[in-house]
Amino acid sequence: MDLKTLLQNKEFVLLDGAMGTLIQKSGARYDHSPETLNLTRPELIQSFHRAYIEAGADIVYTNTFGANAYKLAESGCSVEEVISAAVNNARAAAEGTDALVALDIGPVGMLLEPAGSLRFEEAYDYFKEQILAGSGADLIVFETMTDLLELKAAVLAAKENSGLPVLATMTFERNGRTFTGVSPAAAALTLSGLGVDAVGVNCSLGPDELEPVIAEMTRFTGLPLIVKANAGLPDPNSNEYSILPERFAECVLSLLPYGVKLVGGCCGTTPDYIREIARALSDRRCLPCPRTADTAVCSASTVVEINAPRIIGERINPTGKKRFQQALVDGNIDYLLGQALVQVQGGAELLDVNVGHPEIDEKKMMARAVKAIQSVCDAPLQIDSTKPDVLEVGLRCYNGKPIVNSVNGEEKSLASVLPLVKKYGASVVGLTLDENGIPKSAEERFAIAERIVRRAEALGIDRRDVYIDCLTLTVSAEQDACRETLSALRRVKNELGCKTVLGVSNISFGLPDRETVNRAFLTMALEDGLDLPIINPNIASMTNAVRAYRVLAGIDKNAADFIAANAAAADAAPAQEKKPAAAAQTDIFSAVYNGLKSEGAAAAERLLQTEDAMTIINEKLIPALDKVGEDFEKNKIFLPQLIQSANTAQACFDVIKAHLGKTGGENVSKGKIILATVKGDIHDIGKNIVKTLLDNYGYTVVDLGRDVDPRLVVETAVEQNITMVGLSALMTTTLKSMEDTIRLIRGTKELQNPDGSSRVTVFVGGAVLTKDYAMKIGADYYCRDAKESVDTAKRVLG
Amino acid sequence: MITLRRLNRDEAVRYLGGAGIALNEKMNRLLEDCERELLSVIDAKFLYRVIDLPFDAIVKGRDIRGHLGGCDRAAVMCATLGAAADRLLRVSQITDMSRAVVLDSLASAAVEQVCGEADALLAERFPGTFMTFRFSPGYGDYPLDMQRTILRLLDAPRKIGLTLNESLLLTPSKSVTAVIGLSDHPIPRGRRGCAVCSLRETCAYRRKGSHCGFENTASE
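Residue numbers (numbering that gives the first Met the number 0), protein chains in the order written: chain Z, 0 to 797; chain E, 0 to 219.
By construction, these hints were calculated from the structure, which means they are not laboratory data. Computed from a predicted structure; not experimentally measured. Glycine included, C-beta positions come from ideal geometry on N, C-alpha and C. Hints are supplied without guarantee of correctness; some may be wrong.
As the list claims (entries may be wrong) - Which chain E residues face chain Z? A few, computed with CB under 7 angstroms, are given here:
#1 Arg89
#2 Ile93
#3 Leu152
#4 Leu153
#5 Gly160
#6 Ser166
So here's chain E without its partners, still in its complex pose (with noise of 0.2 angstroms):
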């Protein structure tokens, strides 16, 4: 459905936990190989839905209300990395850990660059419309168990292979579920950041003064 041609290094390095360690030749030429071979195996997919109010059937929660606030649709969308990709990260666990780390990082970068992808196409659908970011099953008090019913609408486990298991983890692993509301007014664009993630007493970013890349979680 769609090809990605080069993945998102920074970010990989930033999973790292790299924010301020200077890459040495080594580390480049890993980056570099592991970024390779997990291209060439990522067979990314993403589906989308366009729902009106009222937003039942994806409303749980205080939080998403909120962040659904003041839009007339909401698109429901998933995105995986596919089967493939998930081996590579298991084989290379088994052959070599540094490697396994590294394309870990760099395969969470892929399904963020696929999320991007289904932003972009949504906005060409939906020209003039504002859209909220990506919220997801986790953020906040938004829970997990919504997945189900995001895959469910999607029919993502027929279209694109993409499941859940009893424990509300995705299969494929490297894969997203999330909503985004659209609206044709002006909305308050809150952004993804620490305000509402789950881990944010446990992060590892923020315990080093960092962030996943997603820190800023002032309106525009």
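Next up, chain Z with everything else stripped away, as it sits in the complex (with noise of 0.2 angstroms):
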């Protein structure tokens, strides 16, 4: 017997109740964990499993929750031993019977990044340790998951070192999301997309209150589902559970119309509860489910159903921008995180995300990049690179379903992309160009669009999951070229069934007033079929189009999001008209002084009419810069006072920046610093206050993040020879970092002058850190604030 055949044979599947519960009133003994006993007391384990089966279960789970070398450490046991004996234990229980042994993995125990430290790869490690050690299982089940991050890391660890078969469940709160903010759809989708045999829920709530957990769960899979509920709640003085046998069972049956086929017990259930399920059940018909949503992708939290026209933010991409290419360059990941929240600001359902650079590792900062914009943003991602490779690693250490941007009809493309396509779970863009470029008529292009939909689908990609981009020509170029893509897309869609997807403002270079000929191509595009139109969703204009479409198509009902939108644009406006108006009184000092952010600008911009900018600078700006400081210091202002009032001489930094690039003079940075909160530590707003105080002050920044190897901090400053470092740590226990990362420093030939002293500066902070303890682990400066870091820099750097 195995999954397959028991999913095929039988009308439901019984797993079984609770193991901890039963151990609990055992009243069996052991040091840190449970799964101790199944060394320790494997009579009473195999009792367990034989409890449930007896009572009907066809499948049990070990007992190794926790049985990974994190949870395990404290227990002298190795995960080897444990988990070969608990899967002895079942096997010995299920001797004689048709039942199956499942290696039950549970949580880590630690958070992922972006929320807690532990990194995708170790996490995957963990898992695979486990699962290695559990090859002797029918089948493996992860539980009680509250990161879908972490348990695609579990799930590619299942995939790639084992062939059994996975089932996979989450815990939801009674807000319908798991602790991290996981929705079941997200999970539904990502989870199907990544290659399981079954999902659903475990743990936390009852059977009663799962009904829109998975009514949810359900639209998005074609999946047979799994509900293993707690019985109710625990009573905080008894202990005992509120949802008795009977009508645990009966709540399990009026999830039945969902397609649930998978049934067992969570927390504080017994064979009990398994016995009247199978009674239950015993005359029902299981009712097959078929996924009812349209193609969609999604983040951990956010679902986009490509049901109606998505607008895909295209701000994420160094060609043709020098800020962004300098960025990327500079490893300044948050310019990056600011374009992506403007770009959801101004309207984008999805972003895209290119970070080709020839002088960066791509693959790198793809990582980078993913994670984190993931950690700020709920937008789902499209992954756009022309290497396989770098998409590779972007899909991998996505949270959610991605789309792959892109494949295209060239025999190489379609060998390397498609198979990633598959193997996680993501939607594609398939370009409609092959070896021999773009082909000028429709019918040539939308037969390449078949020949990728027919390669996808012998892979097992849903044609669905297939968006095809008949690719926007420039008009000026050829004018006949805008009637071939729309003739194509049209064809694309209505024939191919396919979603379509277009890159829009292409067509109008060489254009004047290029804005009116991308809105009047975009809503041509709209009417021919267009899904994914890839635009600039900080023009309002262009994104106003695709919800005027909406409207106009009837996929806005009563033209309510289209309303809600312009009114939110309408309370924005008012407030940045009035600025420019105010600003005419504003001198320089006092909008710095105070932290007019807007008004200093302007009055930058006046001042340059009449003075020169190094002039301003020495003599308007500094000055205020200083005042600012020098209240703080007397504690007469705020911090956040003091920051906006550095941010506004930032803003007007940015106006003179402007102003000298147009007139060829000086550059204005006073030199470069890099900033890190060091390995182990992830709290980090210590270092982003000292970062925007230094940005503002005029100093380039290398913010290289939070939990930094002391070997990045190194060879960032050899890369790009700079000579000031600044490092945070919060914790006593991550001094020990800060300690390792100025070793390292100091012991760096090539940071070293001729006579072997150093050539870095060195300047730390951070709550636990003293004087004495900086100067005693080698620092050249201790800062007890911002402020003191600002002077520091001015100190060294000047």
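Both chains are given apart, each in its own frame, so use the hints to dock them into the complex.
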């Protein structure tokens, strides 16, 4: 017997009930981990499995929920010995029956990045170790998961290290989300894509509260659903659970219309519950539930169903953008994050992410960008690169179901990209070009689209997950091209039943008033069936054209979204209009002192007409900042006010920089500084405050982020020839990393003078740090607060 | 589990280093906006569990022993504002640092309020019982790695999604773990304050002659 046969042959598959509850009731004693009972009390664990099998369970879960290297660390037992004993115990109990043994795996117990500090690959390794140790099981179960990315690491570890089938269940709270914010739809969509055999829910809620969760899941998957609920809530005094077996079974029955096929119990359930469920299900039929949602992509928290035109933001792309390219070279990830957030605010529902640049390691940057963007932004991403290995690192660490941009009709592309799309369960953009370039006619483009779809389907990719791009050509170069593109788009949409995508702004190159041309083309394409316009969502008229189309096409019922979006825009507008008028009266000094950003920028503009840039900086801006700093030190103003003033100064600097760009004056950066929160430390608001101020005072900050490996600090210093480094540590436990980092800096030849002395100035700060300690670990400066960091930078770099 | 309706702004202002600074209109508005935004994402949760003597599982070092002296029971507790609050703090650090600083201070005040609610519930459950103040890992010589024990005793990762990383930082970050002594007899009520604080040498509040809100170390 195997899982597949079981799923085919049986109307319902019965899982077991709680292991922990039985252990608790038995009063069996253990140190630290209940999983050690597999070794110390094998007969007891076997008796629990046996009781569940006798009650009707087709599958029993091994007693290995927390049997990972992290949680077993204090138990003195290895993962290998605990898990193999556990599998043996379940096997012994199942002997002579058809019951299957599932290797049970729960969360690692530490949170993954970005909320926590556990890296994706570290989580993967924990799971891999468990999976290898449990190879004697019949299937693998991941349960009680609250982080979709952790679950993805687990599923990949299973797929890459074992041939066993996989069940995956997550735990949802009463608000319909997991602790980390995962929605049931996102879980169903992502896990189906990753190729698990069944998905569902376990723990936390009782079966009486699960209907909304299950109903949402079933819309986004065709897989059989699993329900392994708690027996309600425990009474805080007696610890007895509130839902008794009969009622539990009744609730389970009410969930059957959603396609539930695998049923068991979690906390508080016992063999009695399983027996009752078996009885209740005996005369019922499973009601398979086909997926009803259209093709969709998601982040962990947000699902975007492509059942109406959806806007893909195009701005995270260095092509033709100097500042963006510089940000990539400097590793200035915050710049990308700013771009991401602004686009979402503008109305983007999906974001394209392209970080290709000849001077950087695109693979590393793609992984970093995907993780960082997902840490602040819920919009699903489109991973964009011409290189399959870059696509793969992005796909691997992506939390949710992304779009791959792109595959094309060329054999090399089909053969390398489509298998990745399948493996990671993504959607993909198919470009209608091949080794012969972009065909002129609609017919030829359609033929390529057909070829791409055929190849995708051969690999088991649903054609609804292939989004065809019929390619926008520049109308000023080839006037007929627009018609060909749209004609191909219509055919793809109608004859292939695929979704369509187009980069819109290409159309208008070389023409005046590009925005108008773009908007007209956008509207034409939408009417011809364009689903995914790739545009700059910060141009309100473009975004609004898509919204208006949704109204006119009857998609946006009662124009509710359109009205809401425009009301929000109207709210924001008056505030902006007011400012220039007020700015006329505000001089640059008081603008900076009072933290009035747009007034400051306007004042700088005015001054530049009569005064020299450096004079403004040295005689106006710096003195204003000095006054703010002085007041901050004297405890006259708050830190947020200091920051607002510094931000205003930054806005002034930006105006001046732009002006110098035009007139070709000297560079205004006062020097480069590396900032990092040390390895192990993830609380980095202090470092970010320092960064903001240094930025605003005219220094170029290379921010390496938090939890930074000492080697990365040194590599960056060497590569970019930077001789000033600021380190921050919040915890006594991470001061050691600070010391290690400084030692590595001092010991690096490339960062030394010919006489062996260090060329690098290190300044440090953080809540637990003292001046004495800072000196002891070899820092040059100890800075009590952000203001002192700026003073230090002035002293060292000028 | 609990809903905070207002946040303790005075406390947040103190965290901002503002004892004695006049709030101008702009700062007031900023505080107000940030409070509204934070309240909309806070998902406050706490857990506690009462354990009887002996306290071997949770005692490590001199200070916690002293803290629980004379108590016949102890409550271990944890509280968190949840993952969404952390996320708001992260996002604000990219979009507007001055806002981030205010949000961070308000969040610190908020988690303290959640702990206060937990205290109240405990007092309600054990009427007539005398309680010590909350003693957290990191105070005095009570080691940070006791957070691991406390979270395990409370099954906190599973029940409220509160976990610890390898550097002993709690995630979500705006969270607390603590031990409270319970006794049927009056106990000398020491208070949380600079005397047991491991940050006393570097504290920015002390430097300015102020305190973070728990300055009073005298017994009542």
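Exercise. Which numbered hints are broken by the structure, listed smallest first?
Worked result: As far as the earlier hints go, 3 and 4 are violated by this structure, in ascending order.
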